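Participant: Given the sequences, and given the hints that come with them, work out the whole structure.
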Amino acid sequence: MKSIEANLIRLALKGDQRAFAELVGMYQDKLYHLAYRMLYNRQEAEDAVQETFLRVFRNMERYDDSMKFSTWIYRITTNLSIDRLRRRKPGFSLDAELPEHDGLDGYSMFASEDTSPEEEVLLSETQHIIRNAIDTLPPKYKTVMVLRYLEDLSLQEIGDVMDMPVTTIKTRVHRGREFLRKKLEHKL
Amino acid sequence: MNCNVAIVWMHDYIDGELPREDAVTLKQHLISCPACRARFDQLEKTEALLSSVMAEPKGQAISPATSAALTAKILKQIPSPARHRDWTGWIRRHPAVTAAAVFVLVMMASLAPTVNNGSELIVRGDDLKQVIIDGHTVIVPEGSQINGSLTVENGTADVRGQVQGSVTVIDGSLLTASTAQIAGQTRTIDQLLDRFWYKVTQTFGSKP
Chain C
1 MKSIEANLIR LALKGDQRAF AELVGMYQDK LYHLAYRMLY NRQEAEDAVQ
51 ETFLRVFRNM ERYDDSMKFS TWIYRITTNL SIDRLRRRKP GFSLDAELPE
101 HDGLDGYSMF ASEDTSPEEE VLLSETQHII RNAIDTLPPK YKTVMVLRYL
151 EDLSLQEIGD VMDMPVTTIK TRVHRGREFL RKKLEHKL
Chain V
1 MNCNVAIVWM HDYIDGELPR EDAVTLKQHL ISCPACRARF DQLEKTEALL
51 SSVMAEPKGQ AISPATSAAL TAKILKQIPS PARHRDWTGW IRRHPAVTAA
101 AVFVLVMMAS LAPTVNNGSE LIVRGDDLKQ VIIDGHTVIV PEGSQINGSL
151 TVENGTADVR GQVQGSVTVI DGSLLTASTA QIAGQTRTID QLLDRFWYKV
201 TQTFGSKP
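As you go down the protein sequences, you meet chains C and V in turn. Under UniProt numbering, think of the first position of the first sequence as 1, with each following residue one higher. Under UniProt numbering, think of the first position of the second sequence as 1, with each following residue one higher.
These are calculated hints, taken from the structure and not from any lab test. In this text the structure is predicted, and so the values were computed from the model without any measurement. Every residue, glycine too, gets a C-beta built ideally from N, C-alpha and C. Where hints are given, some of them may not hold.
Restricting the straight-line Cα-Cα distance to at most 35 Å, the calculated cross-link-like pairs of lysine-lysine (DSBU-like) are [to be verified]: (1) C:30 x C:182; (2) V:27 x C:183; (3) C:2 x V:76; (4) V:27 x C:140; (5) C:14 x V:76; (6) C:14 x C:30; (7) C:140 x V:73; (8) V:76 x C:68; (9) V:73 x C:68; (10) C:2 x V:73; (11) C:14 x C:68; (12) C:182 x V:27; (13) C:170 x V:27; (14) V:76 x C:30; (15) V:27 x C:30; (16) C:140 x C:68; (17) C:170 x C:140; (18) V:129 x C:140; (19) C:30 x C:187; (20) V:45 x C:183; (21) C:182 x V:45; (22) C:170 x C:187; (23) C:2 x C:140; (24) C:2 x C:14; (25) V:27 x C:14; (26) C:140 x V:76; (27) C:68 x V:45; (28) C:183 x C:170; (29) C:2 x C:187; (30) C:68 x C:2; (31) V:73 x C:187; (32) V:27 x C:187; (33) C:140 x C:187; (34) C:68 x C:187; (35) C:183 x V:73; (36) V:45 x C:170; (37) C:68 x C:170.
Residues of chain V clear of chain C, computed beta-carbon distances all greater than 10 Å [what the hints assert, rightly or not]: (38) 67; (39) 161; (40) 197.
Facilitator: Here it is in structure tokens:
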């Protein structure tokens, strides 16, 4: 039996715009969260989601329904997010502590730039620390960690999304976790 | 147990992928090795924090208004006529059928003038001197002899004399008097498709 998504794609290919809108409704917010965790920037996350659906629309006829639709669409969003992360040119190292702000590093200054004051209250100090630690992960580890913890995907599913063998994914989860452990070491 | 192996096993354990008997071995190692125990403790805390922060939607959740605005933005950028994409895709997949369809289309187009001027009488033949045209009726008078074939379109052919060749009537009727003598074939073509094939065979020179 075909999945709901595969049927919607089939209808959308026949020019049914409501079917495509239905797909957008099903995935938009999930993809936004995924992109947001990768990019930590609302505008960029929205742009990545928008671009994802444009790509889905343009490549619908090439969608192979032997692959889960979620795997396919997550792959597009993660690839677009990785591209954006790589395009960011670090002007200066955010890891360097700034002398005039005692104990504050660049992250704590910029992390809150797109969160409202109410949200700020809700973000505890620990959350800030972890969020900043995740943000320093190199893109290839970040993707694996975000898919693992946010989307709760199995190692096999992450392998499908990233089109990589499970052994590679496993190594990346281990390294990513070690990386974060070291970042958080003195705060645990 | 080697500490390096123990570290790999710690991760496997956290990922829920360490076999039970290995987990027992790991536990024994952790009891005897304080460094590994500390490391395992840190890894478990990291894991717990990661799960809680990632699962926590507060602060990052998209508001319904923002979500609706984003949906509108997404749908706006989607080009509306998806149909022609379908159509070009079909053409790419079926080149032979497409070529045949184009051929049929061209042939149909060549028929279009006769279809549009459906009421116009057309008479063709090798020897039309003795033929009498009365309104929409083409008469081959009694006692006359036509040296060749006769074709009538959109009219009635009333044959009373002799025709050495064939008589073809397209979209019309053929009347033959008792005195009529037709040496060749007589054909009446009514259907559009018949006319089409008639045109095709004419075009390619094979005599029907």
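Participant: Indicate, hint by hint, whether the structure satisfies it.
Facilitator: Tested hints:
Our distance criterion of 35 Å between C-alpha atoms is met by residue 30 of chain C and residue 182 of chain C, whose separation comes to about 30 Å. Simply put, residue 27 of chain V and residue 183 of chain C have alpha-carbon atoms about 25 Å apart, close enough for the 35 Å limit, and the pair holds. Distance check on the hinted pair: residue 2 of chain C and residue 76 of chain V sit about 28 Å apart at the alpha-carbon level, within 35 Å; holds. For the hint pairing residue 27 of chain V with residue 140 of chain C, the CA-to-CA distance comes to about 31 Å; that is within 35 Å, so the pair holds.
At roughly 18 Å between alpha-carbon atoms, residue 14 of chain C and residue 76 of chain V fall within 35 Å of each other, so this suggested pair holds. Under the criterion of a C-alpha separation no larger than 35 Å, the hint pairing residue 14 of chain C with residue 30 of chain C is consistent with the structure, at around 26 Å. For a cut-off of 35 Å, the pair hint linking residue 140 of chain C to residue 73 of chain V stands: about 29 Å separates their Cα positions. Distance check on the hinted pair: residue 76 of chain V and residue 68 of chain C sit about 26 Å apart at the alpha-carbon level, within 35 Å; holds.
Distance restraint check for residue 73 of chain V and residue 68 of chain C: the Cα-Cα separation of roughly 26 Å lies within the 35 Å cut-off, and the hinted pair is therefore satisfied. Between residue 2 of chain C and residue 73 of chain V the alpha-carbon distance is near 29 Å, which keeps this suggested pair within the 35 Å criterion. Under the criterion of a C-alpha separation no larger than 35 Å, the hint pairing residue 14 of chain C with residue 68 of chain C is consistent with the structure, at around 21 Å. Between residue 182 of chain C and residue 27 of chain V the CA atoms are separated by roughly 22 Å; this keeps the pair inside 35 Å, and the hint holds.
Annotation: proposed proximity of residue 170 of chain C to residue 27 of chain V holds, straight-line Cα distance about 21 Å (limit 35 Å). The straight-line distance between the Cα atoms of residue 76 of chain V and residue 30 of chain C is roughly 20 Å, inside the 35 Å bound, and the hint therefore holds. For a cut-off of 35 Å, the pair hint linking residue 27 of chain V to residue 30 of chain C is broken: about 38 Å separates their Cα positions. A C-alpha spacing of about 22 Å is found between residue 140 of chain C and residue 68 of chain C, which places the hinted pair at or below 35 Å, so the restraint holds.
Proposed proximity of residue 170 of chain C and residue 140 of chain C is supported: the alpha carbons are some 12 Å apart, at most 35 Å. Straight-line distance between C-alpha atoms of residue 129 of chain V and residue 140 of chain C comes to about 92 Å, which puts the hinted pair past the 35 Å bound. Between residue 30 of chain C and residue 187 of chain C the alpha-carbon distance is near 31 Å, which keeps this suggested pair within the 35 Å criterion. A threshold of 35 Å between alpha carbons decides the hint, and for residue 45 of chain V with residue 183 of chain C the separation of about 12 Å falls inside it, so the pair holds.
Straight-line distance between C-alpha atoms of residue 182 of chain C and residue 45 of chain V comes to about 12 Å, which keeps the hinted pair within the 35 Å bound. Our distance criterion of 35 Å between C-alpha atoms is met by residue 170 of chain C and residue 187 of chain C, whose separation comes to about 26 Å. Of the pairs offered as hints, the one joining residue 2 of chain C and residue 140 of chain C holds, with about 32 Å between alpha carbons and a cut-off of 35 Å not exceeded. Only pairs whose Cα atoms come within 35 Å are accepted, and residue 2 of chain C paired with residue 14 of chain C is accepted, the gap being roughly 17 Å.
A C-alpha spacing of about 59 Å is found between residue 27 of chain V and residue 14 of chain C, which places the hinted pair above 35 Å, so the restraint is violated. Between residue 140 of chain C and residue 76 of chain V the CA atoms are separated by roughly 32 Å; this keeps the pair inside 35 Å, and the hint holds. For the given pair, residue 68 of chain C sits about 33 Å from residue 45 of chain V by alpha-carbon distance, which is consistent with the 35 Å threshold. A hinted pair counts as satisfied when its Cα atoms are at most 35 Å apart, and residue 183 of chain C with residue 170 of chain C qualifies at roughly 20 Å.
Taking the CA atoms of residue 2 of chain C and residue 187 of chain C, the gap is near 49 Å; set against the 35 Å cutoff, the hint is violated. Restraint check for residue 68 of chain C and residue 2 of chain C: the C-alpha separation of about 10 Å stays at or below 35 Å, so the hint holds. At most 35 Å may separate the alpha-carbon atoms for a hinted pair to count; residue 73 of chain V and residue 187 of chain C exceed this at roughly 42 Å. As the CA atoms of residue 27 of chain V and residue 187 of chain C are separated by approximately 25 Å, the hinted pair is consistent with the 35 Å bound.
The suggested pairing of residue 140 of chain C with residue 187 of chain C holds, with an alpha-carbon distance near 25 Å, which does not exceed 35 Å. Restraint check for residue 68 of chain C and residue 187 of chain C: the C-alpha separation of about 40 Å exceeds 35 Å, so the hint is violated. Distance check on the hinted pair: residue 183 of chain C and residue 73 of chain V sit about 38 Å apart at the alpha-carbon level, beyond 35 Å; violated. Of the pairs offered as hints, the one joining residue 45 of chain V and residue 170 of chain C holds, with about 19 Å between alpha carbons and a cut-off of 35 Å not exceeded.
Taken as a hint, the residue 68 of chain C and residue 170 of chain C pair is honoured in the structure, with Cα atoms around 21 Å apart against an allowance of 35 Å. The beta carbon of residue 67 of chain V sits about 6 Å from the closest Cβ of chain C, which is not more than 10 Å, so the claim that it is off the interface is violated. No Cβ of chain C comes within 10 Å of the Cβ of residue 161 of chain V; the nearest lies about 62 Å off, and the non-interface call holds. In this structure residue 197 of chain V is separated from chain C by more than 10 Å, as the shortest Cβ-Cβ distance comes to about 34 Å.
Going through the hint list in order, the structure does not satisfy hints 15, 18, 25, 29, 31, 34, 35 and 38.
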